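Student: Take a look at the letters that make up each chain.
2 protein chains.
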Amino acid sequence: MSSTKEMVFNFSAGPASLPKEVMLQAQADLVDWNGLGTSVMEISHRSKEFIQVAEEAEQDLRDLLDIPDNYKVLFCHGGARGQFAAVPANLLGSASKATYIDAGYWAESAAKEAEKYCQPHIYKAKHEQDGHLAVLPASQWEIDPESAFVHFCPNETIDGIEINDLPETDKPIVADMSSTILSREIDVSKYGVIYAGAQKNIGPAGICIVIVRDDLLDLAQNTLPSILNYKELAEKDSMYNTPPTFAWYLSGCVFKWLKQQGGVQAIEKVNREKAAILYSYIDESDFYKNSVHSNNRSIMNVPFTLAKPELDAEFLELAKEQGLVALKGHRAVGGMRASIYNAMPIEGVQALVKFMREFEANNA
Amino acid sequence: MSSTKEMVFNFSAGPASLPKEVMLQAQADLVDWNGLGTSVMEISHRSKEFIQVAEEAEQDLRDLLDIPDNYKVLFCHGGARGQFAAVPANLLGSASKATYIDAGYWAESAAKEAEKYCQPHIYKAKHEQDGHLAVLPASQWEIDPESAFVHFCPNETIDGIEINDLPETDKPIVADMSSTILSREIDVSKYGVIYAGAQKNIGPAGICIVIVRDDLLDLAQNTLPSILNYKELAEKDSMYNTPPTFAWYLSGCVFKWLKQQGGVQAIEKVNREKAAILYSYIDESDFYKNSVHSNNRSIMNVPFTLAKPELDAEFLELAKEQGLVALKGHRAVGGMRASIYNAMPIEGVQALVKFMREFEANNA
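Protein sequence lines correspond, in order, to chains A and B.
Quick note: the first sequence uses the numbering used here, first residue 1, plus one each step.
Quick note: the second sequence uses the numbering used here, first residue 1, plus one each step.
It should be emphasised that the hints constitute simulated quantities derived from the structure, not laboratory data.
All values derive from a computational prediction rather than experimental measurement.
One or more hints might be untrue.
Calculated cross-link-like contacts (lysine to any residue; reagent style SDA-like; alpha-carbon spacing at most 20 Å) [what the hints assert, rightly or not]:
id, chain 1, residue 1, chain 2, residue 2
1, B, LYS48, A, GLY263
2, A, LYS320, B, HIS45
3, B, LYS112, A, GLU235
Please take these sequences and the hints and turn them into a complete structure.
Tutor: Now the structure itself:
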């Protein structure tokens with residue numbers, strides 16, 4: 001086996017870093033899991049061994065998020081993009097409208113896919129405040145009264161924007177939590193549907209978690225593919241077809257790891273500390289800049305720019321030499337982005353700030 | 001790391017055994033792939049490192065199946081069940097009919113999902129011949145002239161049935177090759193669409209290969225979710241959204257392994273030899289029975305029953321003690337089933353026959 005580099009901190013926005021302890025355990029067990037002499041990915045999803053994996057993963061997630069009993073937890077194919085279609089096709093019923101709150105790239109993408117199924121009422125919530133990017137308070141969001149639901153994305157990975165409030169509404173609230181789930185405490189009972197692609201805070205790409213209130217299971221359109229139908233998935237315990245078993249297993253390992261860290265409350269504290277270290281340094285520096293208003297700064301994705309963009313390539317190259325990888329910003333916005341999901345240890349953020357400080361000293 | 005059992009032969013129908021060499025390499029590389037200090041599942045699907053994985057996997061598959069240039073190769077979410085919906089929703093165009101050849105459980109399931117999109121003309125091709133299960137010759141299949149396409153499943157995993165001929169028709173032929181792809185030579189140019197869930201002959205569950213002729217890309221229905229839209233996937237090189245990267249990587253490793261074995265022609269020879277060993281013994285024995293006609297016996301899935309079904313549990317228990325696992329038949333048909341996909345070495349089949357012979361001697 002090749003030796004593992006000691007000091008790589010991976011700031012990828014997704015597929016993102018997974019907890020090192022989880023990866024080492026998965027490696028140890030890869031060809032002989034549970035004493036079976038085979039990998040967990042080589043056994044039937046209907047075997048008692050895999051059913052136990054599946055059930056434990058669901059229960060651990062229920063524990064971590066304190067999910068009420070009247071919510072189903074589904075493990076789906078198709079990623080969050082699949083849910084951009086699945087949400088309207090499952091929830092519209094006889095309605096033809098839904099409200100989409102637009103505060104960034106992902107919310108906008110969800111609204112675009114929804115046009116296949118309904119007339120999305122799009123409310124632009126992103127605005128400028130004191131020279132910074134910000135999101136209007138949820139109390140001001142304009143919700144179309146004929147909407148079947150209200151969709152929003154509480155953390156925009158590309159823009160580095162986070163939304164911390166919820167609207168007062170009798171419509172089901174649907175949230176794309178791909179890049180924020182399990183990073184901070186939430187009250188699941190306030191939502192109709194929460195969904196999240198795994199590849200940030202949960203596990204490898206190729207699985208998507210859907211948490212859906214059970215009174216919303218009877219509204220699906222006839223032409224919805226069964227693999228995306230909440231009711232069919234709920235009735236079959238997410239085994240309508242062969243699920244992505246290895247991704248489900250690894251997600252379950254991450255849930256157990258998170259419980260060992262003290263759960264969501266404990267990891268939120270660490271996440272806020274990590275974000276504070278990075279934003280504080282950026283704010284005190286004249287060389288780096290983050291343009292999001294402090295009310296809406298993401299604790300998961302921290303985009304920043306250099307005062308001298310011509311040094312971007314050098315910054316990335318030197319960072320990589322120090323084991324600080326995947327810091328390049330999204331192609332839509334340029335600059336840098338440090339994604340500091342649950343699996344990023346505080347030492348990674350400290351190492352990044354140390355490097356940024358040195359780079360500034362050499363180039364300011 | 002726990003030690004690997006030497007002698008486990010895994011006859012699971014799917015998720016199935018993967019080549020041992022591939023699994024050992026994946027294990028060695030799991031936490032530090034390609035010298036990056038991270039796993040391949042922790043890097044961006046848009047990184048140059050992953051793009052290379054993706055492109056090589058596609059090229060290797062093209063080489064293995066000699067896929068003509070006018071076919072797109074897609075790596076999709078959703079498994080073959082996702083394609084049960086995707087096929088009609090992508091191919092119907094303005095047609096409202098399609099022909100579904102029914103020779104087993106999976107073909108029937110595909111036809112049922114198709115009812116959401118069209119009126120499937122279902123032709124029952126399974127019949128009894130000389131006291132055995134058989135499939136009517138493709139030349140006799142009744143194809144509705146208004147059909148947009150003809151769908152069939154050339155290998156039925158549960159029934160243990162294989163179809164080796166194709167109808168003469170001007171309609172695009174669509175084949176669910178989940179359990180037969182790469183097991184024997186095929187002429188891709190005869191098909192409109194070939195699709196296959198990975199978890200038998202390709203890789204882990206959670207990825208599905210679609211090979212589609214490029215003149216069929218413009219017929220999709222408006223309400224088809226983008227993640228299942230062939231044209232969108234083709235235009236985006238299967239990265240319309242984050243693909244299941246680890247499953248894609250591992251599939252690519254299996255393709256390279258298969259090339260090292262000499263490709264499809266060479267593995268077909270081994271597969272036919274493996275199947276012949278098992279069927280020959282079953283036929284010479286009075287204790288075991290396979291009820292499929294020799295014309296249609298699957299070389300991938302071999303169901304068989306014991307003369308004394310009350311010994312089923314003991315058979316399974318003793319087999320497991322000898323490292324012969326996952327031999328229980330599908331719950332729909334009972335008995336036993338040995339799935340002997342590409343990754344099953346001939347030694348596994350020999351060990352199974354040796355055990356069956358001993359069990360017969362002790363219990364006949």
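Student: Hint numbers the structure violates, sorted upward?
Tutor: 1
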